[in-house]
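Given two chains presented individually in distinct reference frames, assemble the corresponding complex, making use of the accompanying hints.
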Amino acid sequence: MTPDQAFAEAMKFDNRPNPYPFFDELRKTGPVARMSNGVYVVVGYREVVALTHDPRISADLRKRPNRPQPAPMKGGDELDPEAQLLAEYGKDPSMIVQDPPDHDRMRRTAMRHFGPPHSPELIPSMEAECRRVVNDMLDKAKGKKRIDVVDDYAYPLPVTVICRIMGVPLKDEPQFHAWIADAMAGAELGPDAATEEGKRRKEKGAASIVAATKYMIGLVESAAKNPTDGMISKLVHDDGPDGRMSPSEIVSNCWLIFIAGHDSTVNLISHSVLTFLRNSGSFDLLRRRPELIPRAIEEVLRLESSVNFWPTWTALADIEIDGTTIPKGSPIFFMYGAANRDPKQFCDPNKFDLEREEKESLGWGSGIHVCFGGALARLEVNTALEVFLRRVENPRLVVDPPPYRRNAVFRGPLHVLIDIDGIRD
Amino acid sequence: MSSPTNGNAFKKNGRIVIIGASLAGLRGAEALRNEGFSGHLTIIGDEPHEPYDRPPLSKQVQKGWVKADHTKLPRMRKVDAEWRLGVAATGLDRASGVVRLANGDEVAGDALLIATGVRARPWPNPEEAKLEGVYTLRTCEDAARLQAALAARPRRVLVIGAGFIGSEVASVCRELGLEVTVAERAAAPLAGALGNVIGAIAAEMQRDAGVDLRTGVGVTKLEGDAKRHVRHARLSDGTMLDVDVVLASLGSIRNVEWLEGAGLAAGFWGVACDAGCRAFDLHGLVTNHIFVAGDVARSPHVLFEYQFLSLEQWANAVLGAEIAAHNMVCAETERRPYLPLPENWSGQFSRNIKTIGVPSFGDELVFTQGSPKERRFAAAYGRRGRIIGAVTFDYGKWLQYYGAQIERSGPFPPPAAGFDVPADARVVPAEFPARGATTAAPDVVLTGHEPNERQAEFRPRTEPRQKRAA
Numbered sequence: 001m002t003p004d005q006a007f008a009e010a011m012k013f014d015n016r017p018n019p020y021p022f023f024d025e026l027r028k029t030g031p032v033a034r035m036s037n038g039v040y041v042v043v044g045y046r047e048v049v050a051l052t053h054d055p056r057i058s059a060d061l062r063k064r065p066n067r068p069q070p071a072p073m074k075g076g077d078e079l080d081p082e083a084q085l086l087a088e089y090g091k092d093p094s095m096i097v098q099d100p101p102d103h104d105r106m107r108r109t110a111m112r113h114f115g116p117p118h119s120p121e122l123i124p125s126m127e128a129e130c131r132r133v134v135n136d137m138l139d140k141a142k143g144k145k146r147i148d149v150v151d152d153y154a155y156p157l158p159v160t161v162i163c164r165i166m167g168v169p170l171k172d173e174p175q176f177h178a179w180i181a182d183a184m185a186g187a188e189l190g191p192d193a194a195t196e197e198g199k200r201r202k203e204k205g206a207a208s209i210v211a212a213t214k215y216m217i218g219l220v221e222s223a224a225k226n227p228t229d230g231m232i233s234k235l236v237h238d239d240g241p242d243g244r245m246s247p248s249e250i251v252s253n254c255w256l257i258f259i260a261g262h263d264s265t266v267n268l269i270s271h272s273v274l275t276f277l278r279n280s281g282s283f284d285l286l287r288r289r290p291e292l293i294p295r296a297i298e299e300v301l302r303l304e305s306s307v308n309f310w311p312t313w314t315a316l317a318d319i320e321i322d323g324t325t326i327p328k329g330s331p332i333f334f335m336y337g338a339a340n341r342d343p344k345q346f347c348d349p350n351k352f353d354l355e356r357e358e359k360e361s362l363g364w365g366s367g368i369h370v371c372f373g374g375a376l377a378r379l380e381v382n383t384a385l386e387v388f389l390r391r392v393e394n395p396r397l398v399v400d401p402p403p404y405r406r407n408a409v410f411r412g413p414l415h416v417l418i419d420i421d422g423i424r425d
Numbered sequence: 426m427s428s429p430t431n432g433n434a435f436k437k438n439g440r441i442v443i444i445g446a447s448l449a450g451l452r453g454a455e456a457l458r459n460e461g462f463s464g465h466l467t468i469i470g471d472e473p474h475e476p477y478d479r480p481p482l483s484k485q486v487q488k489g490w491v492k493a494d495h496t497k498l499p500r501m502r503k504v505d506a507e508w509r510l511g512v513a514a515t516g517l518d519r520a521s522g523v524v525r526l527a528n529g530d531e532v533a534g535d536a537l538l539i540a541t542g543v544r545a546r547p548w549p550n551p552e553e554a555k556l557e558g559v560y561t562l563r564t565c566e567d568a569a570r571l572q573a574a575l576a577a578r579p580r581r582v583l584v585i586g587a588g589f590i591g592s593e594v595a596s597v598c599r600e601l602g603l604e605v606t607v608a609e610r611a612a613a614p615l616a617g618a619l620g621n622v623i624g625a626i627a628a629e630m631q632r633d634a635g636v637d638l639r640t641g642v643g644v645t646k647l648e649g650d651a652k653r654h655v656r657h658a659r660l661s662d663g664t665m666l667d668v669d670v671v672l673a674s675l676g677s678i679r680n681v682e683w684l685e686g687a688g689l690a691a692g693f694w695g696v697a698c699d700a701g702c703r704a705f706d707l708h709g710l711v712t713n714h715i716f717v718a719g720d721v722a723r724s725p726h727v728l729f730e731y732q733f734l735s736l737e738q739w740a741n742a743v744l745g746a747e748i749a750a751h752n753m754v755c756a757e758t759e760r761r762p763y764l765p766l767p768e769n770w771s772g773q774f775s776r777n778i779k780t781i782g783v784p785s786f787g788d789e790l791v792f793t794q795g796s797p798k799e800r801r802f803a804a805a806y807g808r809r810g811r812i813i814g815a816v817t818f819d820y821g822k823w824l825q826y827y828g829a830q831i832e833r834s835g836p837f838p839p840p841a842a843g844f845d846v847p848a849d850a851r852v853v854p855a856e857f858p859a860r861g862a863t864t865a866a867p868d869v870v871l872t873g874h875e876p877n878e879r880q881a882e883f884r885p886r887t888e889p890r891q892k893r894a895a
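Order-wise, the sequence lines are chains A and B. At position 97 of the first sequence the residue is numbered 97 (the working numbering), and the sequence of numbers has no breaks. Adding 425 to a residue's 1-based position in the second sequence gives its number in the working numbering.
Some hints could be false.
In silico lysine-lysine, DSSO-like type, Cα no more than 27 Å apart, as pairs [as the list claims (entries may be wrong)]:
hint	chain 1	residue 1	chain 2	residue 2
1	A	K351	A	K12
2	A	K359	B	K503
3	A	K214	A	K225
4	B	K646	B	K555
5	A	K204	A	K171
6	B	K798	A	K63
7	A	K199	A	K12
8	B	K497	A	K359
9	B	K822	A	K344
10	A	K359	B	K822
11	A	K359	B	K779
12	A	K63	B	K822
13	B	K555	B	K484
14	A	K199	A	K214
15	A	K328	B	K822
Read the hints as simulated data drawn from the structure, not as lab findings. On a predicted model such as this, the values are computed, not experimentally measured, just so you know.
Okay, chain B solo, but in the shape it has when bound (with noise of 0.2 Å):
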């Protein structure tokens, strides 16, 4: 067997298996061809499909532009693997580098990148989740069964939960003439990801776009109907809706439970890993020979106080993964570090938004740019006296001025633009609601008494605590 540690033998022949073929998965066995491996490599996915961008799913595909198995990646180079999709890894033995398959087979590499992502957070009532007519979306499949469904022209469309996904599709909905009420239990939508202060302004855009936007709600209950069709939606004030079709856009969860007795730090927060992408044990020490990238990875970020951050984000699943490629090839003195400046994009309500930085690592907002009453403006957020974030509503064109001032962590408030500066340009609270509790606890305990002899351990999984509906 060759071994990462014996460099040169292990890039010509060793075996490496990549976990996960999604954006990151593919764009990693791409990097790992161009870093120079010619061993051999094996791809393993759930889904059966060949890699695909899942950005339109939830708007060209929803709008009935592009069919929603016609969003294929494209390929940048050849990568000479073996591809095993629709067969899920559900185990991994460490000591041997074996990874087990749904099917009972076993694949086994020198050196593993796990990138198996997340998957859309169910609605949390089992028996209401399966009344047809409810949704959520991740996958191609569900985008498909999304669009059919809105094109069958129901009388209304729910959509639970205002983030990103929800938002952008209660935004088709209107485009294609639909009626559609978004209940979010915040009090805006895209108040998680960007603080209350824009929320008000993108529940503006939901409202004049004819959206019935209710926030400060859950939604309760489903109801079907004799044939088991969604039909009714009870919300927490007590109101009833008429509706056909139910979006759950609730979030995300964490593809970790295959890890389960691998002993690596996994768990609903992801895998951690360092900042040149390889893995964590349970016990917080590194490994050598297992890398983590994409939605699924979690690493420290100098930017932000070392923080470990996720980031859901397409760049990060290609960027990460691209380093994780090189770190799994190269000698160690040649590692590169992980340190990316995140970047997100939404289109929705004729606007395109986009991020750099983390805005929600803020707590302080300024308006730098244009006018926030016309929705057509550029924000920074702030955090101790430095911009750690920026919003741009149809603004993009200037993201990276602030980008490069969170890089150098400039002050905030920045400089003042020298023109088109706007009429409010005061620093206000962000107004990020508070971290609601987590959706499930880790359940990792220290053993030993000595401080010696200290191990970490996982408790045995218990379901997690039915969450109260969203």
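The shape of chain A in the complex, shown without the other chains (with noise of 0.2 Å):
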């Protein structure tokens, strides 16, 4: 298989239960792999770490040559006033796509109301939150006989608490829901982006967008009028070292912290349950032995990253890795879910094992851009795995694999459908 029929059956919708073969391919022509429309795709893991530490590699599209500027948002007409007020917010990129000076900026300036040393409190305060909320949705199952882990039990969580650290109001969820579903269903990089449905899903995709910027918009700018003690409001009104975001970088910085808070973390619990279920003896081995549960956080990102690649970086010099070239201006995408099934640096990479002591994976990402929110995570999905293997009684799984959405990046289950004997109190 070619580099480019490796990538491309990867991308395909009807691999993402199972993209790792076709990672496996690419792996065969090294651990950096030149596609022929000049795409460098990174594969293994110890150049995916050099690599996220080259200053000489930037996140930020806008420095790749001869990209195509994309178009302006648009609102409706150009003299329309809410046309002028979506350019004008639409302007700054979030920090993921950003590089030093401005992301480091970014990323501290929203760190002030996330995170020590100024807000060391915050997410350590959301544990009883995040404990009754899983707890609800299992005595709301009770009497049932079959649950949908994703959507009874998994989502809930996140969104509870990222909507109450932010300050969204959890009563707009069904509206939110549905253009994050829209937007990540529009973002396709595979050959099924070419079809004529995909090119629906990118129209319907754009305009759910400019929808959620929309209510963004009003969000900060309810908040600039009435503060509350949301992290939107907090950032609208921030007099830290740094000075104030713009208002265009706190709308998209909130997008980000907003949709990478809750939606990556339903796709680790989802993808844990998963997990545990398919390999026997671990749900009961967890059960019996909780502490090993942050360990099996660990090795299920490892095997199934919930950001599985990332394609925005740019070479901006020409950078020599392992005997290739990668000349300047080259787009590069860092295949975090293939290099974490790396065979160099993880012994039998695709068994799920709790013993490893390779532990350390790029679930998480790698260097200036890795998680911002991983502590919060962690005690999401602790919690979570905890309670779910404490109460659920004999969970199997009823389809395996289970159907995924769409999107091939933020890679998750849209169901994960399990027959139950009950739930203990």
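In structure tokens:
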């Protein structure tokens, strides 16, 4: 298989449940595979680590040469004040697609309201809420013989918590849930994107992004008038050492933190249950020894990375890596999900192994863009799994593999149906 | 007696003695068990405590976050050792492998791991050093005493010597709202480790935090009150300071005195060993059964022109001990070299400072990323056109980029970053202070006339010449 073919197969929706054989095909051409469109796809663990620490590689798409300028975000007529508002708010990308020093400034500013040293209590203070939410869901499932781990269990926890932290009204959940689902489905890289269906998904996604942006602008402007204790409001009123973020930076970063703050957590909880049930004995082992849950989470994230790859990188100079020179200007994709199964780094890489010595995966990313919300995600997933393991009796997978969502980057199951004997108190 | 040359029997039934029960000693013991050594293991430590971690002693402990006796090192596995704690080793007989202890006991080993580390260099005037309120900082007792003194809200603290420890304690003093004067003989804090260019940034950090930093001065006299508590300090520029607490942070002295007469290449420089951690005897010949690890070890490093390096660094204690342990029990063909990429860190004045490589081996410097003005940056050190070290202030996530280039002997200046390039990215002299006079002379001489009769011999030890007050 050529790198082009292998990459296309890995991107195909039909292969979403298991793209890994195609990642292995890519690996056959070396840790850094060049595709005929000039994209360099990095599948080697060490190579991803080295390149994510290389200050000659940019995360900022605006620095990629010959990139078609994205059309300005349209809300309607050019003279429409709403269109102007969107254009104004849409100009600064979020920190995940920016480089230092702006990336660092935004991350520092956002972290002031999220973690230590300025807000050390925020995440720990969420534990009781996490426990309450997951227990409520299992109470509701009492009497049922079949539940969907995604909708009935994995989704409500992170979404409730991130709404609380950011000050997004939970009552708007049906609305933003639909927008996010459309936006995700519309962002495709593989051959599916070129189909008629794919084009429609893309259009629908773009419209949803516009709607969602308007929504966030509304929250930002409302917080400006009526301060709350949510993170959006804190960013709007921040007077920290780096100054306030610009309004468009606040909007783009709040969306980033909001989406990344629950969507990838849902995938990790769902993938965890899926993985435990696929590996006979591990569910019982973890129920007997809940102290192994943190290890299990890291191991699931290695095998089923919530961000399976990231495509916005660009070489700003000729970069030599493992005998290959990536020419200046080349797009680079870091394939975290492939690197996490690199046999040079992880023995028997496809095995779910709680005793594994090499624990440091790229599931949280690597370098300065490493997961902003890792501590919160670990708390949420740990709480969810601990309660699930203790209370759910004899869970069995109904369909394996389960249906997956369309997005290849934020890869996760759409539903994970399980049959159960009951819910313990 | 099973000898290390008698592979399997030694691994099964041999006797290993580890002298030193801190980080290197503990990790060495654990590594020996991991390597399959099932014989008798003795660990000798002069401190009465189980192995504990020292980096928090100058930071979290002084802030009052962690008690001084609560930094015990986590155990990675059972070591099943005979612990001889609270009793120092006082001598070594190489021929018999017998270690003599301060209480008169003797412990024999077929192989030894020397990990006796360093101690704080005391204030050179012994009478003044005895004054109440004058401290050094190395052990957990030191840390507890200093912390109690800081918690008693002294009028002013004087820190003598602005290396990493002194600067960290000055930083804590300001966090606690205490007045603090730092007296440093060099032109800037951290100058010995990082040079004056970076030192000037550290100086600004100190002054902005409210430290009364005095550079280019020494302390000539400490004076006590009627109760023998320190109350005044005289600086070399004639200034008198009213102080209630004095921390002498003057660097370290290697714990090698117990090896006097043992015939090893041990002196103020440490215990010299090869890149496989095997000690040299006083002639510079390699020994077979005596290994060295941690702060006290000094070994040649290929990346730094094969010069012998002592690395007083946390990771060096761990990694060096692991290699030493491996080489103690493996077959000769399986020996591994210890070729670390040195790494160090410090936390002070709300900045995380990290280094990689050996900055002080360099003579040139270039700021490569970030903003020196905002004190968030990366800088690389070069020597003869190669990169040999790097430092970051709150830019630690980039450190391994420089580490990879140091390992590959990459060019200096390194390839420019693609973004976040400092306004002034010119190569400048790093401005390391001239090496001071050594504080002790190696009292070793050659004897014999014919070239093939030449022998080395240590002269009888004399008290080291009194060093001028820092």
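Right, here's what the structure says about each hint:
Between K351(A) and K12(A) the alpha-carbon distance is near 24 Å, which keeps this suggested pair within the 27 Å criterion. For the suggested pair K359(A) and K503(B), the alpha carbons sit about 22 Å apart, so the restraint of at most 27 Å is met. Restraint check: the Cα-Cα separation between K214(A) and K225(A) comes to about 17 Å, which is no more than 27 Å; the hinted pair holds. Annotation: proposed proximity of K646(B) to K555(B) holds, straight-line Cα distance about 13 Å (limit 27 Å).
Restraint check for K204(A) and K171(A): the C-alpha separation of about 23 Å stays at or below 27 Å, so the hint holds. A C-alpha spacing of about 26 Å is found between K798(B) and K63(A), which places the hinted pair at or below 27 Å, so the restraint holds. Among the hinted pairs, K199(A) with K12(A) is consistent with the structure: their alpha-carbon atoms are about 15 Å apart, no more than 27 Å. A C-alpha spacing of about 24 Å is found between K497(B) and K359(A), which places the hinted pair at or below 27 Å, so the restraint holds.
Distance hint between K822(B) and K344(A) is fulfilled; the C-alpha atoms sit about 24 Å from each other, no more than 27 Å. The straight-line distance between the Cα atoms of K359(A) and K822(B) is roughly 19 Å, inside the 27 Å bound, and the hint therefore holds. The suggested pairing of K359(A) with K779(B) holds, with an alpha-carbon distance near 24 Å, which does not exceed 27 Å. Restraint check for K63(A) and K822(B): satisfied, since their Cα atoms lie roughly 22 Å apart, inside the 27 Å limit.
The hinted pair formed by K555(B) and K484(B) meets the criterion: a straight-line CA distance of about 24 Å does not exceed 27 Å. Annotation: proposed proximity of K199(A) to K214(A) holds, straight-line Cα distance about 23 Å (limit 27 Å). Among the hinted pairs, K328(A) with K822(B) is consistent with the structure: their alpha-carbon atoms are about 23 Å apart, no more than 27 Å.
Of the numbered hints given earlier, the model fails none.
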